[in-house]
Amino acid sequence: MNAVVQLSYLIATVLFIFALHWMNTPMTARKGVYAGVAAMVIAIGATWAQPEVVHHGWIIVAIIAGFVVGVPLSMVPLTAVPQRTALSHAFGGLAAGLVGTAKYYLWYSEGPGELTTFRMVAIIVEIILGYLTFTGSLLAAGKLQEVKWIPQRPVTYPLQNLTNLGLLAIAVVVGVALTVNPTAAWAPALFPVVILLALAFGVLLIIPIGGADMPTVIAILNSYAGLSAVAMGFVLDNKLLITAGALDGASGLILAIIMCKAMNRSFLNVLFGAFGQAQQAKTGGDQKIYKEETIEGGAQVLEQANLVVIIPGYGMAVAQAQHKVRELYDQLKRRGVTVKFAIHPVAGRMPGHMNVLLAEADIPYTDLVEMDEINPDMPQCDVALVVGANDVVNPSARSEKTSPIYGMPIIDADRAKTVFAIKRSKNPGFAGIDNELYFSERTWMLFGDAKNVVGELVKQLSGSGMH
Amino acid sequence: MNAVVQLSYLIATVLFIFALHWMNTPMTARKGVYAGVAAMVIAIGATWAQPEVVHHGWIIVAIIAGFVVGVPLSMVPLTAVPQRTALSHAFGGLAAGLVGTAKYYLWYSEGPGELTTFRMVAIIVEIILGYLTFTGSLLAAGKLQEVKWIPQRPVTYPLQNLTNLGLLAIAVVVGVALTVNPTAAWAPALFPVVILLALAFGVLLIIPIGGADMPTVIAILNSYAGLSAVAMGFVLDNKLLITAGALDGASGLILAIIMCKAMNRSFLNVLFGAFGQAQQAKTGGDQKIYKEETIEGGAQVLEQANLVVIIPGYGMAVAQAQHKVRELYDQLKRRGVTVKFAIHPVAGRMPGHMNVLLAEADIPYTDLVEMDEINPDMPQCDVALVVGANDVVNPSARSEKTSPIYGMPIIDADRAKTVFAIKRSKNPGFAGIDNELYFSERTWMLFGDAKNVVGELVKQLSGSGMH
Amino acid sequence: MSESIDYWSLLYVFVLAAFIGLGVIRRVSRLLHTPLMSITNAISGIAVIGSIIVTGGDYPTGIRIMGAIALFASMTNIVSGFLITDRMLKMFKTDRQPKQDKRS
Amino acid sequence: MSESIDYWSLLYVFVLAAFIGLGVIRRVSRLLHTPLMSITNAISGIAVIGSIIVTGGDYPTGIRIMGAIALFASMTNIVSGFLITDRMLKMFKTDRQPKQDKRS
Ligand SMILES: NC(=O)c1ccc[n+]([C@@H]2O[C@H](COP(=O)([O-])OP(=O)(O)OC[C@H]3O[C@@H](n4cnc5c(N)ncnc54)[C@H](OP(=O)(O)O)[C@@H]3O)[C@@H](O)[C@H]2O)c1
Ligand SMILES: NC(=O)c1ccc[n+]([C@@H]2O[C@H](COP(=O)([O-])OP(=O)(O)OC[C@H]3O[C@@H](n4cnc5c(N)ncnc54)[C@H](OP(=O)(O)O)[C@@H]3O)[C@@H](O)[C@H]2O)c1
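Residue numbers (our numbering), protein chains in the order written: chain E, 577 to 1043; chain F, 577 to 1043; chain L, 50 to 153; chain V, 50 to 153.
Isolated chain E, as found in the complex:
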């Protein structure tokens, strides 16, 4: 690689670092996007300009195709972001896998000398990570998209984890064999075996995981995709690939850790716990009585309050209720009520889910308060309005050692003077457990779809408020 290319890659590296650095506040975040785009353009330009690139037709076609598919993919509704992310990991994994495969066969036929041990190790790692990320992420995307022929609930069978690990072990063994003698006559025939094993492993890794655990799994797949890019960098002796891949991997890892912490679960438990099952098991035990509240009553209490804390959850996303919530926020503000939003780190189904939805509804992010910041103020809160949240406000996380969410930090809705909870039914949330909060004497339920209920409240208020 000549100096110009080297320099361009160095500049691209620096720009990528800034791109992520600027994500540390919404004020600079968009600058980050531009930095990222600039870096990518520079990297592509520098690579394309290299002498060994002689055929341009296919490159142009592939790039155009990328735009044709990419642009629509970027217009999916926010609720579809998790599956879009998974899909993109699948693409990333596929790309890494293919490049690794291509390079191997290329060197096998044209430059066996290039297949040093170090490089073979890198290639094997690249293709195993790449292809398992490919199938794994596809399946994850399918589950999130709730594609009919993909089972939502965890599929489990005896000795499952053993089988999976066994499979991986075989792949590794074959890989070692290839690494030791990459140029043997039988090598090119054995290579595809590793690919198939990786593809299969990806599927088996995901099927035992419940749909609701997917966000965590996606983050983990994200770091796999990053690592496969790093491996590609080792194969191609390219530092830009290594740095970008490492940044990518770090991001996936940290998001996964944050989610696990906030759910008080361990990686292993997520990966091998077949957690979603609990859902089926525990559902639908409700002997206790719910106190219901009417829209009129609710609206009245709300407008008399000084401080209202709205606690959104997955239900708000499902119901797409954020815009109605914004109207409610406006109505109350107009009456001089202080309205804050309490955002739990794992409310919804992906990190930052609630923040994007509320931002989409034009709610200033300065009114979105993190769990740790709002909890101390909850006792002063007159009304806690729970909009389709459940686990993240479930007090049993504090007390009940037996509860599956025991130890998960929650938003202290139960410490507010009054609690209104909006949900459609008496069904539990993601964790599949009852919620003491709904039976507390301070709590009144507003049953119904979040969008409708909030809409009704707004009508009430605007009706009464407009004089």
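Please keep in mind that the hints were generated in silico from the structure rather than gathered at the bench.
Certain hints may be false.
Capping the alpha-carbon separation at 20 Å, the derived lysine-lysine pairs in PhoX-like fashion look like this [as the list claims (entries may be wrong)]:
#, chain 1, residue 1, chain 2, residue 2
1, V, 142, F, 909
2, F, 993, F, 867
3, E, 909, L, 139
4, F, 993, F, 916
5, L, 142, E, 867
6, L, 142, E, 916
7, F, 993, F, 837
If we take Cβ atoms under 8 Å as the criterion, some of the chain E residues that face chain V in the derived model are [stated by the list, open to error]:
#, residue
8, 580
9, 582
10, 586
11, 590
12, 1002
Covered by chain E, according to a simulated footprint, are these stretches of chain L (three or more residues, beta-carbon under 8 Å) [claimed, not checked]:
#, region
13, 55-62
14, 73-81
15, 90-99
16, 103-109
17, 113-127
18, 133-142
Ideal Cβ positions, reconstructed from N, Cα and C, are used throughout, including at glycine.
Knowing the structure of chain E, use the given hints to seat chains F, L and V with the ligands on it.
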């Protein structure tokens, strides 16, 4: 270099990063020191073990000598830390310069092929930075130590900056000449010229700078020393040197920036402003009247207070009053008075100066509050006790556009209900300007050496308090 | 020899990059975790530079086809990743008091 | 060629290390800026690894003398730097309520 050495260097790099990372809180800081020591031991061991190291006698001698000088150097009183730091930069610069010189002559005679352009550039940068850091830091150390035959006040003469830059320019030109034809017959003769110019430039760079600006200059020299280590890394193709040097350089740079910000001065102004002069110029204009307070009176007001904020400054360091201050702190605490220390980022003469002194006196660092944190509380403060601080509490920094410290953020002592100021005389502080605070109607002076005055106050309180 | 050194530099670069990644990502605002996911998707499209070489090189068709597919996949990530990130970030408003962001 | 590549890796390492340095140092507690100065002094003693090669190699005496002086200078920094840093850090106490440190 074989794999073992490479691996050791990689490990050392990681350990160095952690060493600095752990300095982010006093709770982990000592772990940082151990990590640093471990890294250093590994690096030395791995290097020493290399085959090309055949003579061990001198190495052992030099190491022992290092201990013989280093141990006593580590026992200097805290007031001497700035000059110790400067001295250590001098050593660092010298080492870099010498290694660069040795390597050049070595390659000139034994392997001219090694003297590639890239390497020559690195060598020239290394020796210029190294040697100018050497003499510059020595001079700085001398000024701080107030060695008699070194002029304290800035030495200036017409066209000074021009001369300096001219000198540097010549050095660079000669350097370029060497880079272009490093193996020419005249090269070895020209090489020392660069060295001499660098040595001279180091001296000339420092003499126009006032003693009180030295801390900032030292920080800048620190980053030069770091960069010369980086250059050495480029010369020797050694990544550990590059990383460690970069960490070192970053630290110096950031400390310098912090100081300049806190003094509201620019790098250039510090380097070429011959700031200290102002001192001479403005000293000793005091027509206004000071109100004095007696020890008894002061002690009484203090013990009646609820919140006392002690604002230490350079004077506390000069007087070594921190231990007496601790006694005062104990006395007041015993009476249920809340006592906090307000720490200005540039109080004293080096970053963190006050923190170390107070820590030395066993004052829990949880009671040391940063300027930005304490200022909002100053209006609630009953007594602000200024112990040998001056510029950092000078209100003219807020208002007077003409003041040399205009725009420098200060501790709002003048907003406290009562102010007691301890200083020996009516002389100004480092910036050489009068301080409105001393003439405010809320302020009472306690003239005298900080140690004595505080000691008297303690006696009063323990006298009255011990019933 | 030179090769082994070279691999060591790659390893070095990886370790340092990992440190930077962890340091930078840890300080990303919680508000922006969803956009963060999508911008890293885009960045992972960097595999594009590997794919271009394989697609455009003077290699057997089979190889180049693999390259082209990889190139297409990476481009898709880049395009959709950056576009959707920007689309999301556009939504974040301060109510014109940018100084008050508590979480940045 | 291989050489130029090699220099590029060094440059890469430098740039990444600089990022790490700025990131890490910016988060050093203000309380500890004086110890920070002295620990970086010690770290700058890393020049020792260059000096050892020059001192211990089979070179002309003149060269080795320069090396020995450099080695002595670096060792002095290492020894005094780490010792004084530790001495200062020993002084920082919390009053046995380590949780209350506001500035870390
Ligand atoms: N955010 C992440 O990154 C992430 C990742 C993995 C797992 N998780 C898990 O997801 C859960 C998130 O907690 P959460 O409280 O936000 O959600 P949740 O616990 O899943 O509860 C959602 C609630 O919303 C209600 N709901 C659903 N659709 C609704 C609609 N259209 N209108 C009104 N209400 C509706 C549901 O009750 P009805 O069915 O009765 O309406 C349910 O009780 C946590 O357990 C977390 O661990 C989160
Ligand atoms: N900290 C850093 O990193 C750094 C770096 C560069 C420059 N500076 C500068 O240094 C200054 C620091 O401000 P500062 O308020 O701490 O110090 P200062 O402004 O220099 O004032 C120190 C005061 O202490 C008094 N004093 C001296 N010896 C004393 C003794 N033995 N007993 C009692 N009082 C004594 C002096 O008055 P008397 O002579 O009347 O006693 C003087 O007014 C700032 O201007 C800052 O910009 C700091």
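Right, here's what the structure says about each hint:
no.: 1; hint: 142(V) <-> 909(F); in the structure: holds, 17 Å
no.: 2; hint: 993(F) <-> 867(F); in the structure: holds, 15 Å
no.: 3; hint: 909(E) <-> 139(L); in the structure: violated, 24 Å
no.: 4; hint: 993(F) <-> 916(F); in the structure: holds, 15 Å
no.: 5; hint: 142(L) <-> 867(E); in the structure: violated, 37 Å
no.: 6; hint: 142(L) <-> 916(E); in the structure: holds, 15 Å
no.: 7; hint: 993(F) <-> 837(F); in the structure: violated, 29 Å
no.: 8; hint: 580; in the structure: violated, 11 Å
no.: 9; hint: 582; in the structure: holds, 5 Å
no.: 10; hint: 586; in the structure: holds, 6 Å
no.: 11; hint: 590; in the structure: holds, 7 Å
no.: 12; hint: 1002; in the structure: violated, 42 Å
no.: 13; hint: 55-62; in the structure: holds (count 5)
no.: 14; hint: 73-81; in the structure: holds (count 9)
no.: 15; hint: 90-99; in the structure: holds (count 10)
no.: 16; hint: 103-109; in the structure: holds (count 7)
no.: 17; hint: 113-127; in the structure: holds (count 14)
no.: 18; hint: 133-142; in the structure: holds (count 10)
Checked against the numbered hints listed earlier, the structure breaks hints 3, 5, 7, 8, 12; every other hint is satisfied.
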